[in-house]
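*Asks:* Given next are the chains, with one letter for each unit.
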Amino acid sequence: MDKVNWAYTDTVLEHFMHPKNILTDEDAFQPDGRGMTGNVKCGDQMVVAIKVDREKGIITDCRWKTFGCASAIASTSVLSEMVKGMKLDDAYRVSPKEINKELGGLPEHKIHCSVLGDKALRAAINDYYERSGMQEKVRREEARVVCNCMNVTDHEIEEAVLEGARTFYELQEKTKVSTVCGECKEDVERLLEYYKSKHFCSTDTPRPILT
Amino acid sequence: MEKRKVYFDNNATTPMHPEVKKAITNALDVFGNPSSLHAYGRHARMLVEGARESVASFIGARPDELLFVGSGSEGNNTILSILNSQCRMCEYNTCSGKELVTTRIEHPCVLETSKCLAERGVRVTYLDVDKDGKVDLDQLKGSISPRTGLVSIMMANNEIGTIQDVRAISRIVHERGALLHTDAVQAVGKVPVDVTDLGVDFLTLSAHKIYGPKGIGAVYVRKNAPFCPLIRGGHQERGRRAGTENTIGIVALGKAVELRSVEMADEEKRLRRMKETLRKGIAEKIPDIHFVGHPTDSLPGTLNVSFEGAEGEAILLYLDLAGIAVSTGSACASGSLDPSHVILATGLPVECAHGSIRISMGRENTFDDVDYMLSVLPDVIARIRGMSSAYARRQ
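Quick note, the sequences are listed as chains A and B, same order.
Reading the first sequence from the start, the letters are residues 10 to 220 in the numbering used here.
Reading the second sequence from the start, the letters are residues 1083 to 1477 in the numbering used here.
These are computed hints drawn from the structure, not numbers from a lab.
All values reported here derive from a predicted model rather than from experimental measurement.
Check before you lean on any hint, since a few could be wrong.
Said to hold, decoys possible - Facing chain A, a subset of chain B residues (Cβ under 8 Å, in silico):
| id | residue |
| --- | --- |
| 1 | Val1112 |
| 2 | Ser1412 |
| 3 | His1436 |
| 4 | Gly1468 |
Note that the Cβ used here is the ideal one computed from N, Cα and C, for glycine as well.
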């Protein structure tokens, strides 16, 4: 009966039952970089702390804490294992899709939880660069306004897709995008297809060039 | 050693009573259509009408005031839809009012139907509740206008267990000339419910919450009250609900309420004692918690508690791994991004809703189950808080 009831893969179960690399004592860990993302009000919040080998530019240790559901716990746990020994540049590019693959697949509506881990990690890497005086390495994820009327960015559209929006109408419901003049409709539809394939399909479609 | 199993989710559904199973088994061979005039049909009809009498007498109604439906949700949809009845086809009284008053803590089958009615031009008012989940009676008084056709207020809440003062509500509603429906799916069979004593015009109940099977419920419609069928095209249930009767389900519901009338009173006392033990134990063993729901006017076996810094789905699944079944108001478990609308309506912050679990005990639970829960839960919460980014205050 346990098997029947369990909505997650064995890997998720393993990481949920035995989470790896929990940040139990931050003072003792003395992180080189620390990033936080999410919001308790939304039901998911995450802190990622890293130790970095400055010479080699490699993450030597990665610890985390989360307020979140089983897949948030498991996905952050698996991420912390994945990035140990990884170059900062490579770690910066770890995507929700890779985390999801490593876990053997999460239920679709759960994927937005695992997205938080990689976001917190990127914040931690940026924090490391800032702390160690490498301002020029800090990467800002600049958001681009797609809908001028409602001031909706491509990042917000991506978030909405990760949170379950699959149609133009659902995007409108979640973000109010393209609900006034409608001029951005084509761009929004292309971004929707792009983010759907980026996060939920095995084949990649190129990022569209916006009008 | 076999892992201990504790089912603490009786508000979601209940295991069938062994006597109900027997009644079902006996009814399996009665295949006749209750509408048929021959012996096969008459046998089925006899069983259906026998069950109708049992259910009616259990809630203080007349048999002809009771119709069987496919679920509590269907029952609630049926009654709310009376507000939208405009056709001249039916022989029933129609509802003249075009406004609906309901609450923020209703079951989704009432809230969604209300939204749909609003789309069709019905004005809907949602009443607030206080921190214990009680409807504000003064707000109710102010919300009923001469155009109010129906007031629909659930008797006992499925998530937090709070029981409303339906008798007082009914006086207020009737003084102002409106009709009252109560969704009593969680109340009937757990606490005494008598439609005459409560003074309601409509009431919904369901079998699977009281140790009967899924897929069968009943609606009480006071004699001469307005009505409009939701499912048309048959004379069954005196034209009020078309479709060949679910003989087996109806027999099972009849048996379930008969058993309730025997077992309910003692069980209610026992469950209240168990809940008190559980409440005290949790309060002693776990810091930074909030109990949600009315301390006394509450379902005997329902306890809703929120743990600061711990997310509900994680609590649910760690308990599940220990063999204990509960439910949660967290958004994560719902598949939507919204946590429990009921807990939010009580005014608790949204993070409390994310961190809440509902323990609902029933007839098969024992004090040993409570002890087992109290031996497992503190460790589960400590473990989750140990890796929580939102719980650092008292470490």
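*Asks:* Hint by hint, which ones does this structure get wrong, listed from lowest number up?
*Replies:* 1
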